[in-house]
Amino acid sequence: MATQETLPAPTSTHTRPPRTRSTTATRAPYAFIAPFYVLFVLFMLVPILASVYLSLTSWVGLGTPEYVGLRNYGNLLTDSSFHKALVNTLIYVAVAVVVIVPVSLLLATALNARGLRARDAFRVVYFVPMVVSPIIVALIFSLVFDQNYGLANAALKAVFGVGSVDWLGQPTVAKVAISLVMLWRWSGYLTIFFLAGLQNVPKDLYEAASLDGAGWWRSFTSVTLPALKPVTAFVAVTSFISAAQIFDEPFLLTAGGPSDQTLSVAMFIYRAAFQRQQFGYAAAAGVVLFVVVFLVSQAFNRLLGIGRTK
Amino acid sequence: MSTSPRLHRVPPPGSPALRPRPLSRRDALRLGGLGAGASALLAACGSPPSSPVTSGAVDLGFWTHDEGYQTFFENGIPDAEAATDFRYSLDVTRAGAADLVTKLLAQAVAGRDTPDVIGIEIGQFPRLQRGDLAERLLYDWTDHVAALGDDLLQARRAPYTKDGKLYALDSDTPMVVYYLREDLFSQYGLPTDVGSWDEIAQVGAKAAADHDVALGVLASGSDLGQIVQGYEMLLRQRGGAFFDADEQLVLDSPEAVEVLQFAVDGLRSGFITTVNDFYGASVQAGLKSGRIAGMWMASWYSAFGLKPNVPEQSGAWRLRALPTWSGGGFATAAAGGTGFAVGVDQPETQAAADFVASTWITPEGQVRRFTELTYLPTLRSVFDSPELEVPDEYFGGQQVIDVYRGIVDDVPDYYQSPDSSILTDVLSGHLISAYRGDETPAQAIKGAIEDFTNQAGR
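From first to last, the protein sequence lines stand for chains A and B. Here this note's numbering is used: the first residue of the first sequence is 1341, the next is one more, and so on. Here this note's numbering is used: the first residue of the second sequence is 86, the next is one more, and so on.
These are computed hints drawn from the structure, not numbers from a lab. Every residue gets a Cβ at the ideal spot worked out from N, C-alpha and C, and that includes glycine. Among the clues, some could well be false.
Unchecked claim - Straight-line distance between alpha carbons at most 30 angstroms, and here's what the computed DSS-like set of lysine-lysine pairs gives:
| id | chain 1 | residue 1 | chain 2 | residue 2 |
| --- | --- | --- | --- | --- |
| 1 | A | K1424 | A | K1515 |
| 2 | B | K250 | B | K188 |
| 3 | A | K1497 | A | K1515 |
| 4 | B | K373 | B | K291 |
| 5 | B | K373 | A | K1497 |
| 6 | B | K531 | A | K1424 |
| 7 | A | K1515 | B | K531 |
| 8 | B | K291 | B | K392 |
| 9 | B | K531 | A | K1497 |
| 10 | B | K373 | B | K392 |
| 11 | A | K1569 | A | K1543 |
Unchecked claim - Part of the chain B face toward chain A, derived, beta carbon under 7 angstroms:
| id | residue |
| --- | --- |
| 12 | L190 |
| 13 | A193 |
| 14 | V194 |
| 15 | R212 |
| 16 | R215 |
| 17 | S305 |
| 18 | L309 |
| 19 | N361 |
| 20 | S367 |
| 21 | S506 |
| 22 | S513 |
| 23 | I517 |
| 24 | N539 |
Chain A on its own, in the form it takes in the complex:
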């Protein structure tokens, strides 16, 4: 009884167990960031796990998926179409990283030049292709690249006297055509990033280089490039990721043809799922693409030190 008597009496039936200020303070941040994690789980983690599960099944899009183990992955290994898609995607990635990124940097350098008139107008002009609907882009370039009546061949004929290039029908040339459209479409967008980076390079570095007798090229390689390393790394990685998932350009210009010679992996996935009703197979290709993009991006991140401070 003595023990009972020492128990504190509840002051009210509504009284809750006492909560310390420190507990509330500890939980509050989690509550604030909870929406992100809920959305992340719902819209990222669950779809990824569902894709992995689906890749182990055979599913036509309705009904119960049939578990087939690793058969879809085995089929990918022997599918010549998937091999072509991988090689083509590699080419698109190379074009994006090795051609488009440097061209964007050069464009940005030109736009950053002192005394350039109508700088803003140039920026808009270079940026416009990125905001034009891909459908319009495809319509315009299918007319430009028309073998019989296209602008490209007409220009070639006018300048060089030859002009019957099958831009979208000849395998190698079709890849070149798609690469040109990528260049036209992406370079202006990437230029904006480089331009922002260039405008943050301290002017006194150039003045110091100039006093040391450095010319334009030496200033570019010794001042501009090192200063732009973080921006370049970001642009290179995002370009890689975009090119690895390229869909619009080959889908709208060549539909992956001729003979899958311009097919990308993203198109391969779309085709398997939405034209052939092979959702398990498409999911397996999607998982492969995801793993490759993830690993290479991580490698890029480590190599280029993205997000790290000295």
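Fit chain B to the supplied structure of chain A, relying on the hints for placement.
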């Protein structure tokens, strides 16, 4: 040392602590939220089963990719109401041909409303041939149309048949004919009545050499379906096919190589020219310039290809039956079409089936379809209807139905496979390769079969 009631951990029965306390505003909000959430969850889980609608007002979900079909069926409501006990209205959804099938599957997976009536473009039906999709989603018309017997052309049942069951009713008997510019044929002294493909190839080669004019067109652009279609029309007329009734590939045939050889030779001689696509700027430029003076194409091409692209050439064109192949074959082939299907196991299934049947496969409906949409009947008997004998001024007043009547009894069956799109993808590339001379016709056909085998059945 009395024990204070405040020290009791468990209040005695009837004490104020056990009486229901009044709901606070916060509690009410919580309960309300929980109730709303539970209701939404239950609603999402499914709706209670509805009993079939057998008469009265019915609102049919109607999905199509073509406004023309929408208008046709809306105009057909009075006929349907006269023939049934229903009062119809249509809730129309329009989307791209491929998107309709994708949306149908997505709705079915989500357990949401699927359409009561859906127009499935012929190239999209193979997607529903995969697994048991057609059986699970579409009404089986087989018994419904049994009374029509052979009058409903088998050639137009075949594309929408799986395992012997008919899942859609075609919009057209799109027979392939030969379109020719009579004025140019006359100007260049070319005969318009050549009987065989060999003869027209000879005439065409000379015309190309003398006048830079082509008498045939093949597609070689980025639309893989069109690339295949140009070749397929000739192949089917020759007696070849892509798939048989069991969905098995039958491309490996002498006819396939022979027809491809014919096309390649035609391209070499200039008798045949290539365009990026059959409908856009490329073919329009060829037609307007007079470089294209003839082409084989399906019946609907007059409305969707010639008339929109070169209206100024009205009166100059004629159409005739295709030349024949010396090795045999058919009088024509069929290319294109849209099958109208009805959703199965829905409250409105019977109402929808009656609606389509009473507007789409009646003689009156098919005459109206011809006059409104220019699509040819799928009922053989309707071809003899005098109401179809309408002169077409674009073809110099020609009664085009006369041409179609003459060949409708010799249309080959057109079977599809769940792997049809794979064949289109692989064959298109090899056809282009053969057209360019990178492969011989035999190599191209063999290569297409090998690629198909490599990709099919995944």
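Under the criterion that the straight-line Cα-Cα distance not exceed 30 angstroms, is the pair B/K531, A/K1497 satisfied? violated (37 angstroms)
Restraint outcome when B/S513 is required to lie within 7 angstroms of chain A by C-beta distance: Result: holds, 6 angstroms to nearest chain A Cβ.
May I ask you to test the interface hint for B/R215 with respect to chain A, counting a Cβ-Cβ separation under 7 angstroms as satisfied? holds (4 angstroms)
Hint B/L309 vs chain A: min CB-CB distance below 7 angstroms? holds (5 angstroms)
B/K373 and A/K1497 were given as a pair; does the straight-line alpha-carbon distance stay at or below 30 angstroms? holds (22 angstroms)
Proposed proximity, B/K188 with B/K250 (alpha carbon, max 30 angstroms): holds (23 angstroms)
For the pair supplied as a hint, B/K373 and B/K392, is the alpha-carbon distance within the 30 angstroms limit? Roughly 12 angstroms between the alpha carbons, so the hint for B/K373 and B/K392 holds.
Holds or violated: is there a CB of chain A closer than 7 angstroms to the CB of B/I517? Check passed: Cβ of B/I517 comes within 5 angstroms of chain A, closer than 7 angstroms.
Status of the hint placing B/L190 at chain A (closest C-beta pair under 7 angstroms): Interface hint status for B/L190: holds (5 angstroms vs cutoff 7 angstroms).
Would the hint linking A/K1424 and A/K1515 be met if the CA-CA limit is 30 angstroms? holds (12 angstroms)
Verify the proposed pairing of A/K1569 with A/K1543, using a straight-line Cα cut of 30 angstroms. holds (17 angstroms)
Would the hint on B/S506 be counted as holding, given a Cβ-Cβ threshold of 7 angstroms to chain A? holds (5 angstroms)
Against the hints set out earlier in the document, a violation occurs for number 9 only.
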